[in-house]
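J.: Residue numbers (UniProt numbering), protein chains in the order written: chain A, 1 to 287; chain B, 1 to 329.
Just so you know, these hints were derived from the structure itself, not from any lab. All values reported here derive from a predicted model rather than from experimental measurement. Check each hint, because a few of them may be wrong.
[To be verified] As a list, the in silico BS3-like pairs of lysine-lysine whose alpha-carbon atoms are at most 27 Å apart:
| # | chain 1 | residue 1 | chain 2 | residue 2 |
| --- | --- | --- | --- | --- |
| 1 | A | 47 | B | 60 |
| 2 | A | 18 | B | 314 |
| 3 | B | 234 | B | 274 |
| 4 | B | 314 | B | 274 |
| 5 | B | 274 | A | 12 |
| 6 | B | 314 | A | 47 |
| 7 | B | 60 | B | 314 |
| 8 | A | 47 | A | 9 |
| 9 | A | 124 | A | 279 |
| 10 | B | 60 | B | 274 |
| 11 | B | 274 | B | 64 |
| 12 | B | 274 | A | 47 |
| 13 | A | 103 | B | 274 |
| 14 | A | 47 | A | 12 |
| 15 | A | 103 | A | 9 |
| 16 | B | 64 | A | 47 |
| 17 | A | 47 | A | 18 |
| 18 | B | 64 | B | 314 |
[Said to hold, decoys possible] A few chain B positions that, by computed beta-carbon distances, are all more than 12 Å from chain A:
| # | residue |
| --- | --- |
| 19 | 55 |
| 20 | 66 |
| 21 | 82 |
| 22 | 128 |
| 23 | 145 |
| 24 | 176 |
| 25 | 249 |
| 26 | 302 |
| 27 | 310 |
A virtual CB, placed ideally from N, CA and C, is assigned to each residue, including glycine.
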Amino acid sequence: MSERLEVRKTYKLYVGGKFPRSESGRTYPVADGRGHFVANAAKASRKDARDAVVAARAAFAGWSGATAYNRGQVLYRVAEVMEGRAAQFAEEVAAGEGLSAAKARAAVDAAVDRWVWYAGWTDKLAAVLGGTNPVAGPYFDFSVPEPSGVVAVLAPQRSSLLGLVSVLAPVLATGCTAVVVSSLQRPLPAITLSEVLATSDVPGGVANLLTGDAAEIGPWLAEHADVDGIDLTGAGTAAMELERSAAGTLKRVLRAPADEPDWTGDPGLSRMTPFLETKTVWHPIGV
Amino acid sequence: MTHVLDPTAPGRPVAPGAPDAFADVTRSDAAFRAFLHGLPGVDQVGAEARAAQLGTRSIKTTAKAWAIDTAISMVDLTTLEGADTPGRVRSLAAKARRPDPADGSCPQVAAVCVYGDLAGVARDALAGTGIHTAAVATAFPSGRASREVKLADVRDAVAGGADEIDMVIDRGAFLSGRYLDVFDEVVAVKEACGDAHLKVILETGELRTYDAVRRASWLAMLAGGDFIKTSTGKVSPAATLPVCLVMLEAVRDFRAATGTQVGVKPAGGIRTTKDAIKHLVMINEVAGPDWLDPVWFRFGASSLLDDLLLQRQKLRTGHYSGPDHVSVV
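Extracted from the complex, chain A is given alone in its bound form (with noise of 0.2 Å):
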């Protein structure tokens, strides 16, 4: 009996709850931390940022809208399914960042968790974070956060799977949809997780998973004047100068710290409160 023959993946794009090619064509290997090769991923281009910020935008109002309750659900029905593949994820963890398979298993578990975590937050946050104020008038005044809009994200370059999620499930959490530049060496898990979101009931177009550079594409999203928000986090020497594009058409900024945090960490409501804006509501009370 001859030989298996080995089967070479060419990945695509996640848009628009769909695996588009990328529009320019390219794609780019991918190696391990050993440097031999792995899988192919699409190279995304200017053009696949668009579509996904177009993608993102449709979605934007059927996922903001949907009750609190609901987008915590299909967030926790996410974690679920990736708690299923934690086996893919481990082996392309372990492979992409160098890791022990034990602390890459570790990594995976701490990256459900996260998810999980922030899918029960979906339905507080307007609790936490909202309430009513007293005025000095004849008022009920109460605020409440609102999600911003469509949030591009750069994903963290090491931690290429608890780092994505700890970017990416905050702005979902918090009703926004997402486009995200993944880590441009280690993409494997972040592709992995648009096939988990496919299969999840995340409706097409919430989150977009663009692999390639995100010194390329950053600019790009820094300035597309349809996007509200962006997370500098993976963005390198480049934040600054994506800093001072997004000051254009005034987008929300999360910087990006000084070098990459240690994700496992308690990540608190930092990443999910730049991108909400507090809507206070002055109603008039009377007899």
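With the hints as your guide, set chain B onto chain A.
T.: Relative to the frame of chain A, chain B by itself:
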């Protein structure tokens, strides 16, 4: 095919504006059928392949800027909803005059297309701008009414202020082979139009074959239509590239045979700048640059204009724009 090749064949004039050369082909139902069925058949696979191939042209930078401005100037900005109001038509007219309020260099559109009862509102709102007022008539979109009603519909729209009339052909009669009935109706409508331009909607989505599209195109041109238009926009598929290809070939051949130039208007389903540019490429390659003019080519569209404006803003500012940055109607 002697009729096509011999513009001097004897005949009698049957319709105002119809070329004498083809007068004899409409002398009887049988003769007209023989003529229309004698038109060369369309190679379906070839037409689709040619349309797809022309769609792959890459149009960039200055050529793209020119194409976008040309396409904007060719738009028939359309609203054909039951819920249309005078206010909506006025705001559409405002958008037609100044598509991009932030940029004075943006060209005007060619016309505003409304139902006949709102033609007066559109005309008043467009007074002095040079933008045409187009009205759909003849029991649009189905065309299911008696000829008296259709003609009254046309007269009403013209009296209301429309200077372009978009009529629908009787597809039932056309598909059952009563070509002369359809022809007579177009002739009668053309007469009722008076000075107004007549666009003849073939509703290609209901004609089923490219051969039928070619026949309907020739029928409409022979009857004196100033434009042939693909669709009402109410039937899917509407304007497709291969259908437009067949119609562009028809107007090209018609001008070669008779010297009369007829315009083309694809309508329905053209939503993106990319689609519009594909059409412009096809006009240039199939009919020729003479048709690259709002007088001879129009896009019947509503959402296309927004995408053209977004692309225009992208070229001007260097960054992508968003739907928040175009005016809504």
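J.: May I ask you to check that residue 176/B keeps its beta-carbon over 12 Å from the closest beta-carbon of chain A?
T.: holds (42 Å)
J.: Minimum C-beta separation from residue 55/B to chain A exceeding 12 Å: can you confirm that?
T.: holds (15 Å)
J.: Compute the least Cβ-Cβ separation between residue 302/B and chain A, then decide whether it is above 12 Å.
T.: Per Cβ check, residue 302/B is outside 12 Å of chain A; nearest 18 Å; holds.
J.: Does residue 274/B lie within 27 Å of residue 60/B when you go C-alpha to C-alpha?
T.: Holds. Residue 60/B to residue 274/B sits at ~11 Å (cutoff 27 Å).
J.: Check whether the Cα positions of residue 103/A and residue 274/B lie no farther apart than 27 Å.
T.: violated (49 Å)
J.: For residue 47/A and residue 12/A, compute the direct alpha-carbon distance and say whether it is at most 27 Å.
T.: holds (15 Å)
J.: Residue 234/B and residue 274/B were given as a pair; does the straight-line alpha-carbon distance stay at or below 27 Å?
T.: holds (22 Å)
J.: Is residue 124/A close enough to residue 279/A, meaning Cα to Cα at most 27 Å?
T.: holds (16 Å)
J.: Is it correct that the beta-carbon of residue 145/B has no partner in chain A closer than or equal to 12 Å?
T.: Holds, because the least Cβ-Cβ distance between residue 145/B and chain A comes to about 39 Å, which exceeds 12 Å.
J.: Holds or violated: residue 18/A and residue 314/B, Cα atoms, limit 27 Å.
T.: holds (26 Å)
J.: If you draw a straight line from the CA of residue 274/B to the CA of residue 47/A, is it 27 Å or shorter?
T.: holds (13 Å)
J.: Take a quick look at whether residue 47/A and residue 9/A sit within 27 Å of each other, Cα to Cα.
T.: holds (23 Å)
Consistency note: the structure conflicts with the earlier hints numbered 13, 27.
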